[in-house]
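In the order they appear, the protein sequences are chains A and B. Here the working numbering is used: the first residue of the first sequence is 1, the next is one more, and so on. Here the working numbering is used: the first residue of the second sequence is 1, the next is one more, and so on.
Honestly, the hints are just simulated from the structure, not real lab data. Among the hints, erroneous ones may be present.
Calculated cross-link-like contacts (lysine to any residue; reagent style SDA-like; alpha-carbon spacing at most 20 Å) [said to hold, decoys possible]:
| id | chain 1 | residue 1 | chain 2 | residue 2 |
| --- | --- | --- | --- | --- |
| 1 | B | K73 | A | M19 |
| 2 | A | K125 | B | A152 |
| 3 | B | K85 | A | E63 |
| 4 | B | K85 | A | M19 |
| 5 | A | K3 | B | S76 |
| 6 | A | K185 | A | V139 |
| 7 | B | K136 | B | G166 |
| 8 | B | K85 | A | Y91 |
| 9 | A | K125 | B | K196 |
| 10 | A | K3 | B | K85 |
| 11 | A | K25 | B | E79 |
| 12 | B | K85 | A | P30 |
| 13 | A | K3 | B | G166 |
| 14 | B | K196 | A | M19 |
| 15 | B | K74 | A | L131 |
| 16 | A | K125 | B | N168 |
| 17 | A | K25 | B | N71 |
| 18 | A | K25 | B | R75 |
| 19 | A | K3 | B | Y66 |
| 20 | B | K194 | A | Y91 |
| 21 | A | K25 | B | R78 |
| 22 | A | K25 | A | Y91 |
| 23 | B | K73 | A | K214 |
| 24 | B | K136 | B | A152 |
| 25 | A | K3 | A | A174 |
| 26 | A | K25 | B | K196 |
DEER-style ranges, computed between Cβ atoms [claimed, not checked]:
| id | chain 1 | residue 1 | chain 2 | residue 2 | range |
| --- | --- | --- | --- | --- | --- |
| 27 | B | L131 | A | E205 | 30 to 38 Å |
| 28 | A | G22 | B | L41 | 29 to 37 Å |
| 29 | A | G84 | B | Q147 | 35 to 43 Å |
| 30 | B | R183 | A | E47 | 15 to 23 Å |
| 31 | B | Q147 | A | V203 | 51 to 59 Å |
| 32 | B | K196 | A | Y145 | 42 to 50 Å |
| 33 | A | I4 | B | R132 | 24 to 32 Å |
The model shown is predicted, which means the values in this text are computed figures rather than measured ones. Note that CB positions come from ideal geometry on N, CA and C, so glycine has one too.
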Amino acid sequence: MAKIVGIDLGTTNSCVAVMEAGEAKVITNPDGGRTTPSIVAISESGERLVGQIAKRQAITNPENTVFGVKRLIGRKFDSKEVQGDIKILPYKIDKAGNGDVRVNLRGKQYSPAEISSFILAYIKKYAEDYLGEPVTDAVITVPAYFNDSQRQATKDAGKIAGLNVLRIINEPTAASLAYGLDKKKEEKIAVFDLGGGTFDISVLEIGDGVFEVKSTNGDTHLGGEDFDLRLIDYLADEFKKDQGLLI
Amino acid sequence: MTENITEEEHAEMTENSVPAEKNASKDAEEKKGEDSQSDPLIQKEKELEAVREELSAEKDRFLRFYAEFDNYKKRSAREMQDFRKFANESLIRELLPVIDNLERALQSAEGNSDAQKSIREGVGLIHADILRIFEKFSVKPVEAVGQPFNPAFHEAIGQEESEELGDNIVAKEFQRGYLLHDRLIRPSMVIVSKAKAKEDTDREANENREIPEESDNEIAGAQDENRQSDTQ
């Protein structure tokens, strides 16, 4: 029986799960990790690297290592968000003929959907290795605030990766489904989503298996990685105070 | 591929075949009332046909279930094998910092006094002992310093210009990496060398690279397809 996988295509990390005996089971990647960094790099030899391996070489190849492409997907080059992110992203971003964003890696242009498709294809591959059968159908989650163009681009990414995207669902909806909240009575809930690079909150109204996102907000540049950096800075400072050494 | 048949299809197949069989026998009964004396042979033949149909549906169902079961068996055998192979992983991972500390102890005991020498000797023996045990359980340190930087095993934490090493060679190792069987359980944390005047070589590399345009077309194609399916 061909399985349908559920993919959380995150800004910082991505994750894939499959229903096994009525429960969602996270499929681990070849490194044994339950999440995979949403990072794609092209090495000097032209090899495409995805996930943990791309992350490990990022510092040696910053211009050709793409992270956080979810911040760009389905957006226009001239939009406020893209213009803001260009300043902090180390890789080259060009404007496409139709006003879309193109990521420039070693002289070749890629659409954000293509970059995302590399992540999806990698995930698809290791899910297939685990299941021992081809994976063709998938459900992909997107932030509740994604507009039509961002949803469409995410769907395109799936298609390029060889996946038949059955449904694009909102991340807070997926989270409430995972907690079985659809089976309870009519109610209003808040979903907090603290990711690696973003922090979202959504208020949902649930009733009769219908999820309605009433409102959504958050900080698109705050997440677990920022906490990590703060901790590292703190420890380095303390060490400097103690030992007088700069690390 | 038999293993890819969905359960719905199973259900459909059996559902279709069972009523067909029931109808057949019902028809047969009605006919029995109408012209019972006519031909019991035809009636039996009809019954037999229905039973045959049912049998072939059941046979099919059995084969599909068996294929599914076989897949499951293979998967769980592989999982079991993997589980055995990597069962020690978390324990080993926790022990790695202990080895790191032994290595640090060895480094800090550098010197020529008798006390330092005997510490080095003692700690060195313990260190070698642990590594030997690790090796018995297929844990191997990752080679790093002097090797070409390979992100499959090494994690770059910095870069350093170096004329003698050139580009992309591991110059320093801050933490040793380890493999369990063929799986990396901890990457080496390394500083990677960078040749001086790197910009020129970069530009050359870029100039030599072609820029294929198929990627854009591919996406446009995907979008078109999507639009079509949306309008349908």
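Quick one: which hint numbers does this structure break? Sort them smallest to largest. 3, 4, 6, 7, 8, 9, 10, 13, 14, 16, 22, 23, 24, 26, 27, 28, 33
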